[in-house]
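Asks: First to last, the protein sequences are chains A and B.
If you use my numbering, the first sequence corresponds to residues 1 to 262, in order.
If you use my numbering, the second sequence corresponds to residues 1 to 261, in order.
In short, the hints are calculated from the structure, not lab data.
Cβ coordinates follow ideal geometry from the N, Cα and C atoms, glycine included.
A portion of the hints provided could be inaccurate.
[Claimed, not checked] Going by beta-carbon spacing under 7 Å, a handful of chain A positions derived as facing chain B:
no.	residue
1	Asn180
2	Thr195
3	Tyr240
4	Ala244
5	Leu260
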Amino acid sequence: MEKTLRTAATGLAAQQRFVELIAHNLANVNTTAFKRVRAEFQDLLYERLRTLGSTAPQGAMESLHELQIGSGTELVATTRSFAPGDLQPTNNPLDLAINGEGFFVLRRPDGTLLYTRDGAFRLDRTGRIVSIHGYALEPELLVPESAQQLRISRDGVVTAQFADGSEQVLGQIQLARFLNPAGLRALGENLYAETVASGPPILETPGTGSMGELLQAHLESSNVELVEEMVNLIMAQRAYELNAKAIRTADELLQTAVNLKS
Amino acid sequence: MLRELYVAALGMLPQQTRLELAAHNLANLSTAGYKRELLFQSALISVEQNLRNVPGDAESADPPVRSYTDFSPGPLQHTGNPLDLALEGAGFFVVQDALGQRFLTRRGSFRLTADGALQTPDGKELVGTSGVLRIPLQLLQAQPLAGEARQGAVPPLEVTPEGELRVQGVLVGQLLIVGVQLGQLRRVDGVQFAPLPGAVLTPLSPEEYRVRQGLLEGSNVNPVEELVQLIELQRRFELGHRVIRSSDATLERSIELSRFV
């Protein structure tokens with residue numbers, strides 16, 4: 001009976017975690033390029049109880065003679081879905097969206113590379129194109145102060161236009177692609193770091209293969225699907241209630257047992 | 001009289017086991033690929049034994065309950081992750097651990113390792129018709145051929161319904177999907193099963209199954225059935241309780257009677 005209480009408690013804890021994840025997804029429904037997170041559950045250890053009367057020889061029927069009772073569930077992993085979000089037009093020429101699998105490459109001051117889908121860029125004091133975190137876009141692109149307009153082509157070529165009508169090519173943006181984006185480590189703030197599981201980044205210019213092209217003056221919105229999250233929320237709540245029901249049943253059985261001797 | 005007490009108590013004990021199982025099944029309502037464990041209770045005393053008043057199994061020490069795994073399929077859930085695979089129809093995926101031991105599972109959530117294997121969350125690797133599947137990573141990194149460069153036309157990693165693993169359109173392996181007699185499996189955990197010694201694993205032909213990419217098989221726990229179980233086991237427990245209370249009362253009367261003899 002005590003085991004039931006503990007088993008059901010693991011179910012309650014796991015569903016509570018699930019609700020926390022859903023809340024995190026819902027809270028980020030308006031976060032640029034946010035990628036939703038999915039929960040993965042796994043069952044816990046099994047206890048094998050041998051029952052009397054299992055006289056049949058080891059073999060075909062063994063699975064019927066074993067009494068196996070597991071001890072609940074746990075949330076083992078969270079998987080991020082890198083499905084694309086909707087691309088929304090903005091009026092900012094430094095807003096970029098990728099309509100494929102690629103990631104922007106950012107260089108932190110300490111030299112390490114980070115990856116993001118959030119294409120809301122700006123210029124820093126020296127004219128470098130930087131992310132909203134202040135990290136420089138890789139390869140570094142310097143925009144001359146006298147530039148009037150910036151044009152970024154679909155394959156990432158950044159061109160500055162000057163007041164006299166002349167143009168200057170500043171460079172080409174490189175994107176990174178991963179064999180297994182689900183293996184990336186999320187650092188928060190839309191930043192991801194490479195891991196052994198994600199594999200090394202494959203650097204290519206936009207427009208090659210499945211990398212995707214760049215859209216200037218567009219931003220990728222969050223890929224959180226409200227309906228899906230609401231359905232998950234309902235499921236989590238019902239699962240929570242069912243586990244609570246198991247606890248209540250255990251409690252009532254205990255009470256009945258206690259009442260055997262009045 | 002005491003025998004009634006004993007039989008009633010024996011009827012109550014398996015209800016606790018049933019409750020433990022139901023709680024475990026309910027806790028795994030959200031575990032992908034989970035196969036529920038059910039209990040069946042054998043009769044305490046056969047009819048014949050009862051007629052001849054022969055003490056039956058009721059006198060054995062353990063309540064005669066056994067559990068078995070329900071292998072019915074769970075609902076398919078869309079995830080959109082290219083490394084999530086679901087099996088429609090018969091069969092199991094085969095995964096192999098570091099020691100070379102093979103396990104069967106219907107949970108097809110894999111991740112790509114640095115050396116190109118498809119790995120389960122607990123570190124076992126997906127097996128194909130010619131050993132553990134390895135994806136040549138240089139193939140994944142290679143750009144699609146000029147002719148196929150139409151964007152998005154060729155997904156980098158594709159699993160066909162027949163179980164062919166294709167990278168950039170190039171066939172790199174065939175998933176091994178096996179069938180087995182269900183009595184020949186031993187549960188390892190909620191989603192993985194080990195074949196018992198002597199079990200025959202027959203590779204299935206592609207007509208007998210369909211591999212669906214981007215879907216996962218959900219838990220086959222049915223919340224309504226588990227709830228009914230909860231109600232039923234509680235009532236059975238209470239019935240046992242009634243029997244014990246009334247035989248206790250009868251015993252009490254008999255003892256009182258003896259005072260006047």
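Asks: Holds or violated: A/Ala244 as interface residue toward chain B, Cβ cutoff 7 Å?
Replies: Interface hint status for A/Ala244: violated (10 Å vs cutoff 7 Å).
Asks: Have a go at the A/Leu260 hint: is there a Cβ in chain B nearer than 7 Å to its own Cβ?
Replies: Result: holds, 6 Å to nearest chain B Cβ.
Asks: Was the hint right that A/Tyr240 lines chain B, CB cutoff 7 Å?
Replies: violated, 10 Å
Asks: Interface hint check: A/Thr195, Cβ to nearest Cβ on chain B, cutoff 7 Å. Holds or violated?
Replies: For A/Thr195, the interface hint is violated, since the closest Cβ of chain B sits about 9 Å away, which is over 7 Å.
Asks: Given A/Asn180 as an interface hint, is the shortest Cβ-Cβ distance to chain B below 7 Å?
Replies: Result: holds, 4 Å to nearest chain B Cβ.
In this structure, the hints that do not hold are numbers 2, 3 and 4, in rising order.
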